[in-house]
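*Asks:* What follows is the residue order along each chain.
There are 2 protein chains.
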Amino acid sequence: MEMWLKEMQIDGAAMTYKVKETLVRKKTQYQDLAIVDTDVFGRMLVLDGIVQTTIKDEFVYHEMISHIPLFTHPNPKKVLVVGGGDGGAIREILKHPSVEKAVLCEIDGDVIDECKKYLPEISCALDDPRCEIFVGDGIQYVKEHKNEFDVIIVDSTDPFSIAEGLFGGNFYKDIYNALTEDGIFIAQTETPFYLPDTVKKVHNDAKAIFPITKLFMAAIPTYPGGYWSFTIGSKKYDPTEVDTTKIPEIDTKYYTREIHKACFVLPRYIQELVK
Amino acid sequence: MEMWLKEMQIDGAAMTYKVKETLVRKKTQYQDLAIVDTDVFGRMLVLDGIVQTTIKDEFVYHEMISHIPLFTHPNPKKVLVVGGGDGGAIREILKHPSVEKAVLCEIDGDVIDECKKYLPEISCALDDPRCEIFVGDGIQYVKEHKNEFDVIIVDSTDPFSIAEGLFGGNFYKDIYNALTEDGIFIAQTETPFYLPDTVKKVHNDAKAIFPITKLFMAAIPTYPGGYWSFTIGSKKYDPTEVDTTKIPEIDTKYYTREIHKACFVLPRYIQELVK
Numbered sequence: 001m002e003m004w005l006k007e008m009q010i011d012g013a014a015m016t017y018k019v020k021e022t023l024v025r026k027k028t029q030y031q032d033l034a035i036v037d038t039d040v041f042g043r044m045l046v047l048d049g050i051v052q053t054t055i056k057d058e059f060v061y062h063e064m065i066s067h068i069p070l071f072t073h074p075n076p077k078k079v080l081v082v083g084g085g086d087g088g089a090i091r092e093i094l095k096h097p098s099v100e101k102a103v104l105c106e107i108d109g110d111v112i113d114e115c116k117k118y119l120p121e122i123s124c125a126l127d128d129p130r131c132e133i134f135v136g137d138g139i140q141y142v143k144e145h146k147n148e149f150d151v152i153i154v155d156s157t158d159p160f161s162i163a164e165g166l167f168g169g170n171f172y173k174d175i176y177n178a179l180t181e182d183g184i185f186i187a188q189t190e191t192p193f194y195l196p197d198t199v200k201k202v203h204n205d206a207k208a209i210f211p212i213t214k215l216f217m218a219a220i221p222t223y224p225g226g227y228w229s230f231t232i233g234s235k236k237y238d239p240t241e242v243d244t245t246k247i248p249e250i251d252t253k254y255y256t257r258e259i260h261k262a263c264f265v266l267p268r269y270i271q272e273l274v275k
Numbered sequence: 001m002e003m004w005l006k007e008m009q010i011d012g013a014a015m016t017y018k019v020k021e022t023l024v025r026k027k028t029q030y031q032d033l034a035i036v037d038t039d040v041f042g043r044m045l046v047l048d049g050i051v052q053t054t055i056k057d058e059f060v061y062h063e064m065i066s067h068i069p070l071f072t073h074p075n076p077k078k079v080l081v082v083g084g085g086d087g088g089a090i091r092e093i094l095k096h097p098s099v100e101k102a103v104l105c106e107i108d109g110d111v112i113d114e115c116k117k118y119l120p121e122i123s124c125a126l127d128d129p130r131c132e133i134f135v136g137d138g139i140q141y142v143k144e145h146k147n148e149f150d151v152i153i154v155d156s157t158d159p160f161s162i163a164e165g166l167f168g169g170n171f172y173k174d175i176y177n178a179l180t181e182d183g184i185f186i187a188q189t190e191t192p193f194y195l196p197d198t199v200k201k202v203h204n205d206a207k208a209i210f211p212i213t214k215l216f217m218a219a220i221p222t223y224p225g226g227y228w229s230f231t232i233g234s235k236k237y238d239p240t241e242v243d244t245t246k247i248p249e250i251d252t253k254y255y256t257r258e259i260h261k262a263c264f265v266l267p268r269y270i271q272e273l274v275k
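Protein chains in written order, with the UniProt record's numbering: chain H, 1 to 275; chain D, 1 to 275.
Bound conformation, chain H alone (with noise of 0.2 Å):
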């Protein structure tokens, strides 16, 4: 018997996998979470049908969504990831020695959980002392703390269903207060070759917002298209000015000094979104 997961990136367009084995299948609070082992892509995390992260490519998505903004700050102390349960971002950006404290604030636990369990690879920096897990609405979280992170990233699943309201003009004022006076924001923004409106009205309203605005892209073979966007809003330093020479040296398999700036040079179809 071969078992395939069937994973719709778009009406009309699926990806399949070979599963081998579904290490957990259930429906939490707000959604269907499945954690499967691939033939091609190791364990991955699935979330109501989504491929979320997967051990062999979530080097690129985790690093270039936490070093592009924890290098643009000059001494980052306090970050913030909005979602993230699967712990990628937190395990990057503990990597950075100026980091005192990164919360993350997720509303399902079982993501957590389950991925403390099955995908411990991803996980394994959630149990640092810097790290501190809150369990509830980031929207909420965000609108309870004034100025006080460097840096805020926001982690989602796509903007259809739970996520929806992480992406878009009124959660960014949000996020803007809650950020320090030269605090910086970033969220994934989707792949603009299938979801172009999204790109555009997240770099719009994130450009109403913030005096710098900079999309940047990074290739993820299980995203839908491959290719994808990320939104930063920064208050005060430009991630594209950032003197690279002065970047240490840094494990990663993905971004390099030199990515840090190349990730920021878009195909034309790409900057006519975001001009």
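If you're looking for bench data, these hints aren't it; they were derived computationally from the structure. Treat the hints with caution; some may be incorrect.
Copies of the same chain look alike in the list, so a pair counts if it works inside one copy or between any two.
To be verified - In silico lysine to any residue, SDA-like type, Cα no more than 20 Å apart, as pairs: (1) LYS253 with ASP238; (2) LYS27 with PRO129; (3) LYS261 with THR240; (4) LYS143 with ILE209; (5) LYS18 with GLY49; (6) LYS143 with ASN177; (7) LYS253 with TYR194; (8) LYS253 with VAL274; (9) LYS261 with GLN271; (10) LYS235 with ILE212; (11) LYS235 with PRO129; (12) LYS200 with LEU273; (13) LYS201 with GLY168; (14) LYS207 with PRO159; (15) LYS143 with ARG25; (16) LYS6 with VAL40; (17) LYS275 with GLY169; (18) LYS200 with LYS253; (19) LYS261 with ALA163; (20) LYS56 with ASP11; (21) LYS236 with ILE50; (22) LYS275 with ASP251; (23) LYS26 with PRO211; (24) LYS207 with LYS275; (25) LYS253 with LEU273; (26) LYS146 with PHE264; (27) LYS143 with ASN75; (28) LYS235 with MET15.
Take the given structure of chain H and dock chain D to it, following the hints.
*Replies:* Positioned in the frame of chain H, the structure of chain D alone reads:
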């Protein structure tokens, strides 16, 4: 009834596309050829079950395989395309006013004929008077021409079956000889995520022959992994040393002057394959 095309991208992972209509399906002398119309990517050419090019995302591949070498060479007059029967590379090559002749050497005449019929947006330049079409074996053609082409583009299928001989040292030696004294060679060289050994081997083979060998990447949604490598072998001009301020404006959707250099900045895991 729903028809879905299933493309095995690697053993254990397949992409599937909803098909509106099969426009042509035939066994040619060399391969199983189909052109189908899909919901998400429009019409696509499929050879032996592998998606070769689609109306929606072909621009990335054809622009990058053509403009990187043609804007690296200061005055390309005569260009050879090995493979590339869809005509997409020829279309981009003929955007360069310096080009006097572009030869297409495609082994499978049916590919040319069916692409002319069903993919006119891609094949449109095949009737240009500067384009000369030769239906035959690229390996033989290259062997028989010496010191003739300023740029040779190897726009082949994957290195299994008929294109196998187009990936390797012996062929690259003949290409070296078919190039003029300052000529440039480029080939599509697969995805480093799935086929790291192929990328490495091709790079080493090219490096043993050409004084300058460089790898660059482009994000192509319908290619496995979404992130594709191209290998350049050059006798004189370094594609990363081009004065990009002198590159004239050109009608593209992916390539820009800035992309010309940024595409050579490699993520660490790819850098390590070619160092």
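*Asks:* For every hint, state whether the structure bears it out.
*Replies:* Results of checking the hints against the structure:
For the identical chains of this complex, LYS253 and ASP238 are neighbours neither inside a copy (24 Å) nor across copies (26 Å), given an alpha-carbon limit of 20 Å. Proximity of LYS27 and PRO129 under a CA criterion of 20 Å is satisfied in neither setting, with 30 Å inside one chain copy and 63 Å between copies. For a Cα distance limit of 20 Å, the shortest separation of LYS261 from THR240 qualifies both inside one copy, at 6 Å, and across copies, at 16 Å. Taking identical chains as interchangeable, the C-alpha atoms of LYS143 and ILE209 lie at most 20 Å apart only when both belong to the same chain, with a minimum of 16 Å there against 61 Å between chains.
For the identical chains of this complex, LYS18 and GLY49 are neighbours both inside a copy (14 Å) and across copies (18 Å), given an alpha-carbon limit of 20 Å. In this homomeric assembly, LYS143 and ASN177 come within 20 Å of each other (Cα to Cα) only inside a single copy, at 8 Å, whereas the closest approach across copies is 67 Å. For the identical chains of this complex, LYS253 and TYR194 are inter-copy neighbours only, at 15 Å across copies versus 27 Å inside a copy, given an alpha-carbon limit of 20 Å. For a Cα distance limit of 20 Å, the shortest separation of LYS253 from VAL274 across copies, 14 Å, qualifies, whereas the shortest one inside one copy, 28 Å, does not.
Proximity of LYS261 to GLN271 under the C-alpha cut-off of 20 Å is found in both arrangements, the shortest distances being 15 Å within a copy and 16 Å between copies. Taking identical chains as interchangeable, the C-alpha atoms of LYS235 and ILE212 lie at most 20 Å apart only when both belong to the same chain, with a minimum of 6 Å there against 43 Å between chains. For the homomeric pair LYS235 and PRO129, neither the shortest alpha-carbon distance inside one copy (29 Å) nor that between copies (56 Å) is at most 20 Å. For the homomeric pair LYS200 and LEU273, the shortest alpha-carbon distance inside one copy (6 Å) is at most 20 Å, but the shortest distance between copies (35 Å) is not.
Within a single copy, LYS201 and GLY168 get their C-alpha atoms as close as 8 Å, which meets the 20 Å cut-off; across copies the closest is 46 Å, which misses it. For a Cα distance limit of 20 Å, the shortest separation of LYS207 from PRO159 inside one copy, 19 Å, qualifies, whereas the shortest one across copies, 46 Å, does not. In the homo-oligomer, the alpha carbons of LYS143 and ARG25 never lie at most 20 Å apart, since the shortest distance is 33 Å inside one protomer and 58 Å across protomers. For the identical chains of this complex, LYS6 and VAL40 are neighbours both inside a copy (14 Å) and across copies (17 Å), given an alpha-carbon limit of 20 Å.
In this assembly of identical chains, the alpha carbons of LYS275 and GLY169 lie at most 20 Å apart only when taken from the same copy (18 Å versus 44 Å across copies). In this homomeric assembly, LYS200 and LYS253 come within 20 Å of each other (Cα to Cα) only across copies, at 17 Å, whereas the closest approach inside a single copy is 29 Å. Taking identical chains as interchangeable, the C-alpha atoms of LYS261 and ALA163 are never at most 20 Å apart, the minima being 29 Å within one chain and 36 Å between chains. With identical chains, the CA atoms of LYS56 and ASP11 are at most 20 Å apart between copies only, with a shortest distance of 15 Å across copies and 26 Å within one.
For the identical chains of this complex, LYS236 and ILE50 are neighbours neither inside a copy (35 Å) nor across copies (48 Å), given an alpha-carbon limit of 20 Å. Within a single copy, LYS275 and ASP251 get their C-alpha atoms only as close as 34 Å, which misses the 20 Å cut-off; across copies the closest is 18 Å, which meets it. In this homomeric assembly, LYS26 and PRO211 never come within 20 Å of each other (Cα to Cα): the closest approach is 43 Å inside a single copy and 57 Å across copies. Proximity of LYS207 and LYS275 under a CA criterion of 20 Å is satisfied intra-copy only: 11 Å inside one chain copy versus 40 Å between copies.
Taking the shortest Cα distances, LYS253 and LEU273 sit within 20 Å of each other only across copies (12 Å), while inside one copy they are farther apart (29 Å). Taking the shortest alpha-carbon separations for LYS146 and PHE264, neither the intra-copy value of 29 Å nor the inter-copy value of 42 Å comes in at or below 20 Å. Within a single copy, LYS143 and ASN75 get their C-alpha atoms no closer than 24 Å, and across copies no closer than 59 Å, so neither meets the 20 Å cut-off. Proximity of LYS235 to MET15 under the C-alpha cut-off of 20 Å is found in neither arrangement, the shortest distances being 39 Å within a copy and 41 Å between copies.
The structure shown violates the earlier hints numbered 1, 2, 11, 15, 19, 21, 23, 26, 27, 28.
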